[in-house]
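Chemist: Line by line, the protein sequences give chains A and B. Per the numbering used here, numbering through the first sequence is continuous, rising by one, with the last residue being 113. Per the numbering used here, numbering through the second sequence is continuous, rising by one, with the last residue being 225.
Where hints are given, some of them may not hold.
Unchecked claim - Here are some chain B residues the structure puts well away from chain A; computed CB gaps all over 10 Å:
1) Val126
2) Thr137
3) Asn144
4) Gln158
Stated by the list, open to error - Which bits of chain A does chain B cover? Going by a derived footprint, with three or more residues having C-beta under 8 Å, they are:
5) 67–81
6) 100–113
Since the hints were made in silico from the structure, they are not lab data. Yeah, the Cβ is synthetic: ideal placement off N, Cα and C, and Gly gets one too.
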Amino acid sequence: KAGVTQTPRYLIKTRGQQVTLSCSPISGHRSVSWYQQTPGQGLQFLFEYFSETQRNKGNFPGRFSGRQFSNSRSEMNVSTLELGDSALYLCASSLGLGGETQYFGPGTRLLVL
Amino acid sequence: GENVEQHPSTLSVQEGDSAVIKCTYSDSASNYFPWYKQELGKRPQLIIDIRSNVGEKKDQRIAVTLNKTAKHFSLHITETQPEDSAVYFCAAYGPTYDKVIFGPGTSLSVIP
């Protein structure tokens, strides 16, 4: 099976712009979670989607949003970008909920100038 | 709020020695504790996990122990090899798996 894929892999934006990142889970996986990874804050949970519904959300401002499509692919959007949004954004998929093994994608590295 | 502490932040061991990384969590209701390994420039990968109804789990050279009373769990790597060099993250999930908190990570270097 193909692994989790994320596009784009690298992105450069300027403050105030918005960005959309995409994640395609492993075939058959219905849960997709998003994480932000920075040197200072480590790995932080953004949100989790299951069957097109946001099930959980971390402590991030409303500028961070996401959605999941019927084929389980997921997108996350960040509006009004700030310098502090520069990070590696990782998505992970799992078969379902309940602490099942998560498989991470390679991440999208976002740089905000 | 809930948090997960992880120690040490960096660890250097000689090849063949053992390495131990400890995580302490604050939410006593946490019940699932995975460990991830992230090599430089690569994605995190699950290496072992443990649930709250188990005290210890082992997979070849890797083991995890859980002390629910003290609210800490540890990763043990025996007979370390240079390819074990990576950043290791622990995590703690809430009782309904509705939230996860990661530890800050431990950078492990295995010296040949």
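Chemist: Decide, hint by hint, whether the structure agrees.
Modeler: Going down the list of hints, with the structure as the test:
1. Val126: 22 Å, holds
2. Thr137: Check passes; 15 Å lies beyond 10 Å.
3. Asn144: 8 Å, violated
4. Gln158: 7 Å, violated
5. 67–81: violated (count 0)
6. 100–113: Contact hint for the region 100–113 of chain A vs chain B: holds, 7 residues under 8 Å.
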